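As you go down the protein sequences, you meet chains F and Z in turn. Add 8 to a position in the first sequence, counting from 1, and you land on the number used in my numbering. Add 133 to a position in the second sequence, counting from 1, and you land on the number used in my numbering.
Be aware that a few hints might be false.
[Unchecked claim] Which chain F residues face chain Z? A few, computed with CB under 10 Å, are given here:
1. Arg14
2. Asn18
3. Arg164
4. Pro282
5. Lys302
6. Leu324
7. Ile331
8. Arg332
9. Ser335
10. Ala336
[Stated by the list, open to error] Capping the alpha-carbon separation at 25 Å, the derived lysine to any residue pairs in SDA-like fashion look like this:
11. Lys298/F / Asp247/Z
12. Lys380/F / Arg417/F
13. Lys298/F / Asn222/Z
[To be verified] Label-pair distances were calculated between CB atoms; the ranges are:
14. Ala213/Z / Gly268/F: 22 to 32 Å
15. Met26/F / Glu215/Z: 37 to 47 Å
16. Asp392/F / Asp143/Z: 52 to 62 Å
17. Gly268/F / Ala195/Z: 31 to 41 Å
Rather than coming from a laboratory, the hints here were simulated on the basis of the structure. Bear in mind that the values here come from a model prediction, so they are computed numbers and not experimental data. Glycine included, C-beta positions come from ideal geometry on N, C-alpha and C.
The residues making up each chain are set out below.
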Amino acid sequence: MGSPHRYIPNTDQNVADMLADIGVSSIDDLFSVIPPEFRLTEPLSLPKALSEPELSAELNRVAAKCAHSMQYTSYLGGGLYEHFVPSVVRHMLTRGEFYTAYTPYQAEVSQGTLQAIFEYQTMICELTEMDVANASLYDAGTAVAEAAVMSCGATRRNKVVVSRAINPRYRQVLRTYAHPRGIEIVTVDYDTQSGATPPESVPKDLLDDAACFIVQSPNYFGIVEDMAALSEATHRSRALFVAVVNPISLGILAPPGSYGADIALGEGQPLGNPISFGGPLLGFFATTSKLMRKMPGRLVGQTHDDQGRRGYVLTLQAREQHIRRESATSNICSNEALCALAATIYLSLMGPSGLRKVAELCTWNAHYLHDKIAKIPEYEFPFDGPFFNEFAVRGRRPPAERNRRLLERGIIGGKMIEADYPELSGCTLWAATETRTRQELDTLIRELEVLA
Amino acid sequence: MSSKMRFTSDHEWVELEGNIATIGITEHAAEELGDVIYVELPAVGDTFAQGDNLAVAESVKAAADIFAPIGGTVTEVNDALEDEPGLVNEDPMGNGWIVRIDVDDVTELDDLMDEEEYEEYLKEEEQ
Numbered sequence: 009m010g011s012p013h014r015y016i017p018n019t020d021q022n023v024a025d026m027l028a029d030i031g032v033s034s035i036d037d038l039f040s041v042i043p044p045e046f047r048l049t050e051p052l053s054l055p056k057a058l059s060e061p062e063l064s065a066e067l068n069r070v071a072a073k074c075a076h077s078m079q080y081t082s083y084l085g086g087g088l089y090e091h092f093v094p095s096v097v098r099h100m101l102t103r104g105e106f107y108t109a110y111t112p113y114q115a116e117v118s119q120g121t122l123q124a125i126f127e128y129q130t131m132i133c134e135l136t137e138m139d140v141a142n143a144s145l146y147d148a149g150t151a152v153a154e155a156a157v158m159s160c161g162a163t164r165r166n167k168v169v170v171s172r173a174i175n176p177r178y179r180q181v182l183r184t185y186a187h188p189r190g191i192e193i194v195t196v197d198y199d200t201q202s203g204a205t206p207p208e209s210v211p212k213d214l215l216d217d218a219a220c221f222i223v224q225s226p227n228y229f230g231i232v233e234d235m236a237a238l239s240e241a242t243h244r245s246r247a248l249f250v251a252v253v254n255p256i257s258l259g260i261l262a263p264p265g266s267y268g269a270d271i272a273l274g275e276g277q278p279l280g281n282p283i284s285f286g287g288p289l290l291g292f293f294a295t296t297s298k299l300m301r302k303m304p305g306r307l308v309g310q311t312h313d314d315q316g317r318r319g320y321v322l323t324l325q326a327r328e329q330h331i332r333r334e335s336a337t338s339n340i341c342s343n344e345a346l347c348a349l350a351a352t353i354y355l356s357l358m359g360p361s362g363l364r365k366v367a368e369l370c371t372w373n374a375h376y377l378h379d380k381i382a383k384i385p386e387y388e389f390p391f392d393g394p395f396f397n398e399f400a401v402r403g404r405r406p407p408a409e410r411n412r413r414l415l416e417r418g419i420i421g422g423k424m425i426e427a428d429y430p431e432l433s434g435c436t437l438w439a440a441t442e443t444r445t446r447q448e449l450d451t452l453i454r455e456l457e458v459l460a
Numbered sequence: 134m135s136s137k138m139r140f141t142s143d144h145e146w147v148e149l150e151g152n153i154a155t156i157g158i159t160e161h162a163a164e165e166l167g168d169v170i171y172v173e174l175p176a177v178g179d180t181f182a183q184g185d186n187l188a189v190a191e192s193v194k195a196a197a198d199i200f201a202p203i204g205g206t207v208t209e210v211n212d213a214l215e216d217e218p219g220l221v222n223e224d225p226m227g228n229g230w231i232v233r234i235d236v237d238d239v240t241e242l243d244d245l246m247d248e249e250e251y252e253e254y255l256k257e258e259e260q
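Next comes chain F alone, as it looks inside the complex (with noise of 0.2 Å):
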């Protein structure tokens, strides 16, 4: 007996089976609980299934609607970056002993997966500079929230402050977060001129019943923001000092350890991950030593067996929610397995002169197209401090009008974000990695020069 259906694997015989088996006479007789009012008579109104040769049609066809990176020149960035993905990330990325998104839940039976979680919580701690890294948060956003939890656990304290010029799609998952907690928000703006937020106009006695003071660097207009000062003006009061960093600058920019951060956590995305319309992402997160048994997530320690065989196990569980019940500080309990296994792959292949030569060329490109853009009279820039891969550009052309005439010449101009910061009206947000040409560069220019 066939399946009634292409893609659900049940037959006929099946379905008589387990309704035999649980007693029942018909899937009719199944929902029977269900008040007949509430349950459908006729079928949904779809239209008639698909061969598989006939999906797949449909598919391409719906699939060629959509533009990708490899036919279009991209600007955008504002916290997700195309960088080069070499393919041997890809090939031992889909092997069948790591092909799985999820965490482990058998999680010692799974020694291979585990070892890969330890090498990426290495890695992570090498690049930040930090004690303890855990296995990996959602994104960058949603680590933002959980290092603001973690912050008023570990002080006692219930307020967070944060940069305007961090991500604002992480401020709105650090509210989403906050709101429930009763954790009040308090924004510090940035220094016009500079687009940086200034250590002194973060007042003293602003931060002296802060849990945390979240600053990221670059920040969300690509500009290097003075870390050191800023880590010690909040050390100053007792509060902890947050970190949020773009993992490829560090190839060339001072880790968060090197300048006392408490918590340094980024989206990790730009280390081997596709931008994919947006995600999956991964959030990468770090601490100190005095503050792990505080951090949220999942957490794979080296350990060895009663032979001495070298294990790794999940370790210092007691911090989670399935042993610490409501006094755990996370409800994380699982990690982005696979963006991480990626994120790990990928830093293998650069080590450490690789991705110094990555970061490089980033801010070689988007210092190349700063300066030639500079030269064109009709655009300005609203900042002047220093940048890695990204900066903002105001013009007198609206910004849309301007993007929608590039994207038929084959260019995705830069990230508008002027409903973030309305203050910023005109301006767009040019990003450039490694990726981008020196001939595409010179294209986007003189088209700007016309667009002007």
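Take the given structure of chain F and dock chain Z to it, following the hints.
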């Protein structure tokens, strides 16, 4: 066990000397918890009201909150527990003490059980 000790229903003990109260967990609590591998201590100067979460004792499979049996300001914490958390199992009522606090209101002790009442309470709990 000193007769001046007082006990809570969460199995903490407190002993008052002058205005300073020494606080720990009882033998019963230590046994129930199993091998303690970490004690999260408050900082000297932290203030607590009676019943606040004062410290956390973590064993291999559990983490237990330790509540302040009496309100006050922490004057001293048992630093020895940082290297030797097992002291809580070996000598819970002595060298395994957790914190000393400068008591705000001594009359709060009246809410707690004396040794005899606590023994009775343990028997009831067992049943």
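Hints, verified against the model:
1. Arg14: Hint on Arg14/F: violated, closest Cβ of chain Z at ~49 Å, above 10 Å.
2. Asn18: Not OK, violated: Asn18/F not within 10 Å of chain Z, min 41 Å.
3. Arg164: Cβ of Arg164/F sits 7 Å from chain Z, so the hint holds.
4. Pro282: violated, 39 Å
5. Lys302: holds, 9 Å
6. Leu324: holds, 9 Å
7. Ile331: holds, 6 Å
8. Arg332: Where the cut-off is 10 Å and the nearest Cβ of chain Z is about 5 Å from Arg332/F, the hint holds.
9. Ser335: Interface hint status for Ser335/F: holds (6 Å vs cutoff 10 Å).
10. Ala336: holds, 9 Å
11. Lys298/F / Asp247/Z: violated, 37 Å
12. Lys380/F / Arg417/F: holds, 19 Å
13. Lys298/F / Asn222/Z: Given pair Lys298/F, Asn222/Z holds - Cα atoms ~23 Å apart, limit 25 Å.
14. Ala213/Z / Gly268/F: 22 to 32 Å: holds, 28 Å
15. Met26/F / Glu215/Z: 37 to 47 Å: violated, 58 Å
16. Asp392/F / Asp143/Z: 52 to 62 Å: Check passed, 59 Å falls within 52 to 62 Å.
17. Gly268/F / Ala195/Z: 31 to 41 Å: Hint holds: Cβ distance 33 Å, inside 31 to 41 Å.
Figure legend: structure checked against the earlier numbered hints; hints not met, in rising order: 1, 2, 4, 11, 15.
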